[in-house]
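Asks: For the record, the sequence lines run as chains A and B.
Here this note's numbering is used: the first residue of the first sequence is 1, the next is one more, and so on.
Here this note's numbering is used: the first residue of the second sequence is 820, the next is one more, and so on.
Some clues are possibly wrong.
Here are the simulated lysine-lysine pairs, DSBU-like style, with alpha carbons at most 35 angstroms apart [stated by the list, open to error]: (1) 971/B x 455/A; (2) 694/A x 953/B; (3) 911/B x 208/A; (4) 445/A x 843/B; (5) 920/B x 594/A; (6) 535/A x 843/B; (7) 436/A x 971/B; (8) 48/A x 953/B; (9) 440/A x 911/B; (10) 953/B x 814/A; (11) 943/B x 749/A; (12) 594/A x 971/B; (13) 920/B x 20/A; (14) 31/A x 843/B; (15) 911/B x 818/A; (16) 695/A x 843/B; (17) 694/A x 843/B; (18) 48/A x 843/B; (19) 117/A x 971/B; (20) 749/A x 843/B; (21) 623/A x 920/B; (22) 695/A x 943/B; (23) 623/A x 843/B; (24) 800/A x 911/B; (25) 953/B x 31/A; (26) 20/A x 911/B; (27) 436/A x 943/B; (28) 616/A x 953/B; (29) 843/B x 602/A; (30) 462/A x 953/B; (31) 440/A x 843/B; (32) 455/A x 953/B; (33) 971/B x 48/A; (34) 749/A x 953/B; (35) 943/B x 445/A; (36) 48/A x 920/B.
Don't read these hints as lab results, they were simulated from the structure.
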Amino acid sequence: MSSDEMSKIQELFDNLKSDKYPLEEYRSVGKRGVRRIDGYEKATGYAKYTMDVQLPGMLYARFLTSPYPHAEIKSLDTSKAEALPGVRAVLRYDDPELPPGADLGGHETSDVPVLPKVAHFQGEEVGAIVAADSEEIAEHALALIEAEWEERPFVLDPEEAMQPGAPLVNPEAFPDGNITNQDQGIDVEEHGDVEKGFAEADKIVEFKFSQGLNTWIGPECPCGVFRWNGEYPEVWVKQQRPHICKRAIASWFGGIPMNKIQIHCLYQGASFGGWSQMPWNMGGHYCAAVIAKRTGRPVKWMFNRREDFYGGEMDIGIYYFKAGAKLDGTITAVKGRAVVVNQGMPVFGFVKHFAENTRIPNIYGKTEAVLVNKGPTTATRCEQNSNCYCLNEVFSHLADALGLDPVEVALKNDGAEGHDITWLNEQKTKLGFPVKDSLKECVEKGKAAIGWDEKWHLPGTKRLPNGKLHGLGFTWTHEWDDSGGTSEIAIRIERNDGTATILGCRSDVGVNAETAYCQVAADELGMRIEDVHYKAQVDATFFAMTPDTSTNMSVNGFAVRNAARLLKRQVLEAATIRRGVTQLGSAPPAFPGKKPEDLDIKDSVIYEKANPSNRKTLAELAKFAGAQGPICSPKGEPFRTGQPYLQYTYTQPLFAHSWQVQMGTYADVRLRFCRQAHFMEVEVDEETGEVEVKKVVTVNDVGRVINWEGCEGQQYGGAYMGIGRGRSEEVVHDPLTGVMLNGNLLNYKIPTMLDIGSIDTILVETGMGYGPYGLVGIGEDVATVTPTLIGPAVHNAIGKWVDDFPITPDRVLKALGKA
Amino acid sequence: MKPDKKVPVSEDEINFSVNGDLYKVRVQSNWTLQYVLHDELGLTGSKELCNEGACGACAVIIDGRPVLSCMTLAIECDGQTIETVEGIARAKHPLVEAYVKHSCMQCGYCTPGFIVTAKALLDKNPSPAEEEIKEALVGNLCRCGTYPQHIKAVLEAANNLHRGQPI
Chain A
1 MSSDEMSKIQ ELFDNLKSDK YPLEEYRSVG KRGVRRIDGY EKATGYAKYT
51 MDVQLPGMLY ARFLTSPYPH AEIKSLDTSK AEALPGVRAV LRYDDPELPP
101 GADLGGHETS DVPVLPKVAH FQGEEVGAIV AADSEEIAEH ALALIEAEWE
151 ERPFVLDPEE AMQPGAPLVN PEAFPDGNIT NQDQGIDVEE HGDVEKGFAE
201 ADKIVEFKFS QGLNTWIGPE CPCGVFRWNG EYPEVWVKQQ RPHICKRAIA
251 SWFGGIPMNK IQIHCLYQGA SFGGWSQMPW NMGGHYCAAV IAKRTGRPVK
301 WMFNRREDFY GGEMDIGIYY FKAGAKLDGT ITAVKGRAVV VNQGMPVFGF
351 VKHFAENTRI PNIYGKTEAV LVNKGPTTAT RCEQNSNCYC LNEVFSHLAD
401 ALGLDPVEVA LKNDGAEGHD ITWLNEQKTK LGFPVKDSLK ECVEKGKAAI
451 GWDEKWHLPG TKRLPNGKLH GLGFTWTHEW DDSGGTSEIA IRIERNDGTA
501 TILGCRSDVG VNAETAYCQV AADELGMRIE DVHYKAQVDA TFFAMTPDTS
551 TNMSVNGFAV RNAARLLKRQ VLEAATIRRG VTQLGSAPPA FPGKKPEDLD
601 IKDSVIYEKA NPSNRKTLAE LAKFAGAQGP ICSPKGEPFR TGQPYLQYTY
651 TQPLFAHSWQ VQMGTYADVR LRFCRQAHFM EVEVDEETGE VEVKKVVTVN
701 DVGRVINWEG CEGQQYGGAY MGIGRGRSEE VVHDPLTGVM LNGNLLNYKI
751 PTMLDIGSID TILVETGMGY GPYGLVGIGE DVATVTPTLI GPAVHNAIGK
801 WVDDFPITPD RVLKALGKA
Chain B
820 MKPDKKVPVS EDEINFSVNG DLYKVRVQSN WTLQYVLHDE LGLTGSKELC
870 NEGACGACAV IIDGRPVLSC MTLAIECDGQ TIETVEGIAR AKHPLVEAYV
920 KHSCMQCGYC TPGFIVTAKA LLDKNPSPAE EEIKEALVGN LCRCGTYPQH
970 IKAVLEAANN LHRGQPI
């Protein structure tokens, strides 16, 4: 290994500090109006999604689902379904080819039944899957299956599930009780001494809040296609983590070499984290693989809209808090206990944001994570949702009890790991970051946009001329991405026209990362943005971080930059030497007598720094590609075998491969310096309990903006999804039957265009992120932080706390004593 | 809902125009227009999202009105003139480039439905006010929450139409 390579590797790992390589000039990064590379495809319907895939001879497969929340199949008669014309296969749970368990995806590897015979929630895919010539025939066949079910007792409420003698939710996997995992189901986080903190407090509040189950709503329903090309699988996945799909498939049927598996991950009709980490998310593919092999035909499996509704956000539950503060707003202690539903993800803990964002010295949080007979839960938009709720609820309740402006209480307690902002600023200096007060900058801009100083009032004190009660709400936390991750990227200069192609994995859910990669590469290479394109690989070959960690830019962005920097060096070298063209000839140096360091590139033109009029475009450099191309061509004169006086070396292709290993995620690895703040203005109708959201101001310190429209898109979208989750979205189950009641878009209310009056998006750029150029991710943040924002806004309007989310009209009326 | 096994499905031939192309298609009586466009004709811009008339992702234009193709039986479309997002794109309607410019799409699954609805609006009302745009598009759901960007794009497209500018 050369010393150059070694130094590069060392540099890659040394990334827990400020970016060492900012550019002097940004021509594409951070500029408005960069045309998104997927825009035309998506606008016109030409963009293809897995749901759109049709292959010759393709079969359509649908699962049998359980009518009961907990039941075992005692017998299954599939004979009528099998006899229906057009049905090509019925795969049953007792099929001898199905193993007792397989790796069917998930956060980690899993070992779960492919086609279970016991359902643990109503709507679960169990017992059988039918493949037919059309979806309609498959549906018809499902209706002909006669199943005898043995119903079992069930439990839906997390606190009931914890009681002694409660029905076992999943005795197959958890025979000892409903705590999700006897080792991991209880999580305790503790800093300092909360009792000491309460003794120091002037004011103590105690309260409880709860969240109803909300879910992701993937616009494209879960689906996939499996085809055997002879003995090799070709698979279309709608999954945020295509690499994990490939790893799982490689473990099936006695093992399939990774390099024999072809994965297609097309555009995805989003899933917001939902479904991507569930330990059965490859179950459909496994069944499709068996049927495809048996029938010799490709198989598409799919869920319908209702089936996408089963499942939802993790760590939804009941939270109990006690918090104390001094009269000036200095918080001395926070103690919480939570009973949450967590169906299989690692228990996360809910006081992390107090530790990561504040100077509060005494913190205690205990999570008891339980199972219930509802669908699987996972990180929906982000697992930090519970932390955002808790931080906001505690700060809002304390500010109210003290009669203080909540913005002031936030600023007073800003810090990290029990230390104040002064200490945090010292850490910024040590790591080479600019020292900026991110929260202060965010709240000042946000306050001005919402008119906080003019409009804020004590709770329940402002009635508008239209008779409604006016309220303002505020919340805040740090800006995050989960930057522990790795990424591989390659970039090449195309022959003939000198354009640049970025090669990487695609896992697109719409955050426009691929355009942002082009911006980074363009600026690093000195190329025009229109000369750089991201060519997504159909297969998950190069590993890249996927959107579900907000690390597109903070990890993959680095890999793009590393590759672009290596490639630029190659381009400048190539410009100074004789380049091989074909076996029969070569091109003279583009810049004879010059060294690479004499040259630079701007606007896709190579020029001599000392004499800018000496210039050649990249296209001119690359155009000498002959019919046989430059790759295997000798540099120099035509060579003749056996004539040793002729030198012939080979001109390397202009291609660079690079990678990034990014450290740092969550507490104790690195400090969070960037903050976000959100404001909301509401009007509440006391008669109906309806909350009208008049305005939202969303302020994110993303460190550095790469793609403005992409960041603003996350702010707009996050605000809409967040307001939906906080105000109207709740998956409701019938307590008597355990049946989900509103699994459709008529009765589960996601926001429409008219549900928020207006949104102001403000981006702050302090440069204090760990990503390239000081950036930090934004994708998960706004939709995860803002659901709780409606709480303080409604409280400010009506003067009463509504601590059960979502804040629906009936809950508002209840708080007002009217229901 | 379980299909009724007793009712035999009948078939018939329909003739209709889609984006100016004439089609003769044999359809079953229970096939939706969305299914025929998407699966039989390969016009994948009309998307299945809610499948019950709640979201607008499958919108097409019939007789100048945005129609939910998932709630329309294909067999009822005999003799109809239908416009889909593919036709709007082929005609280089300024909405398309305005949508790209204003980054109105994230995952993009619902975007064609918005363009179709917006096109029907502009056909009827070439100078819509912001409130009229919101009213026209309120039936189109976007889970990614791109809504504010659509208003900018439709206003710009309307403006470009007036100036007679193509894309």
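Asks: For every hint, state whether the structure bears it out.
Replies: Results for each hint:
| no. | hint | verdict |
| --- | --- | --- |
| 1 | 971/B x 455/A | holds, 28 angstroms |
| 2 | 694/A x 953/B | holds, 15 angstroms |
| 3 | 911/B x 208/A | violated, 56 angstroms |
| 4 | 445/A x 843/B | violated, 60 angstroms |
| 5 | 920/B x 594/A | violated, 42 angstroms |
| 6 | 535/A x 843/B | violated, 38 angstroms |
| 7 | 436/A x 971/B | holds, 34 angstroms |
| 8 | 48/A x 953/B | holds, 28 angstroms |
| 9 | 440/A x 911/B | violated, 47 angstroms |
| 10 | 953/B x 814/A | holds, 32 angstroms |
| 11 | 943/B x 749/A | holds, 29 angstroms |
| 12 | 594/A x 971/B | violated, 50 angstroms |
| 13 | 920/B x 20/A | holds, 33 angstroms |
| 14 | 31/A x 843/B | violated, 49 angstroms |
| 15 | 911/B x 818/A | violated, 56 angstroms |
| 16 | 695/A x 843/B | violated, 51 angstroms |
| 17 | 694/A x 843/B | violated, 50 angstroms |
| 18 | 48/A x 843/B | holds, 25 angstroms |
| 19 | 117/A x 971/B | violated, 52 angstroms |
| 20 | 749/A x 843/B | violated, 39 angstroms |
| 21 | 623/A x 920/B | holds, 32 angstroms |
| 22 | 695/A x 943/B | holds, 30 angstroms |
| 23 | 623/A x 843/B | violated, 49 angstroms |
| 24 | 800/A x 911/B | violated, 54 angstroms |
| 25 | 953/B x 31/A | holds, 29 angstroms |
| 26 | 20/A x 911/B | violated, 46 angstroms |
| 27 | 436/A x 943/B | violated, 52 angstroms |
| 28 | 616/A x 953/B | violated, 51 angstroms |
| 29 | 843/B x 602/A | violated, 55 angstroms |
| 30 | 462/A x 953/B | holds, 29 angstroms |
| 31 | 440/A x 843/B | violated, 65 angstroms |
| 32 | 455/A x 953/B | holds, 27 angstroms |
| 33 | 971/B x 48/A | holds, 26 angstroms |
| 34 | 749/A x 953/B | holds, 18 angstroms |
| 35 | 943/B x 445/A | violated, 41 angstroms |
| 36 | 48/A x 920/B | holds, 20 angstroms |
Taken one by one, the earlier hints fail for this structure at numbers 3, 4, 5, 6, 9, 12, 14, 15, 16, 17, 19, 20, 23, 24, 26, 27, 28, 29, 31, 35, listed in ascending order.
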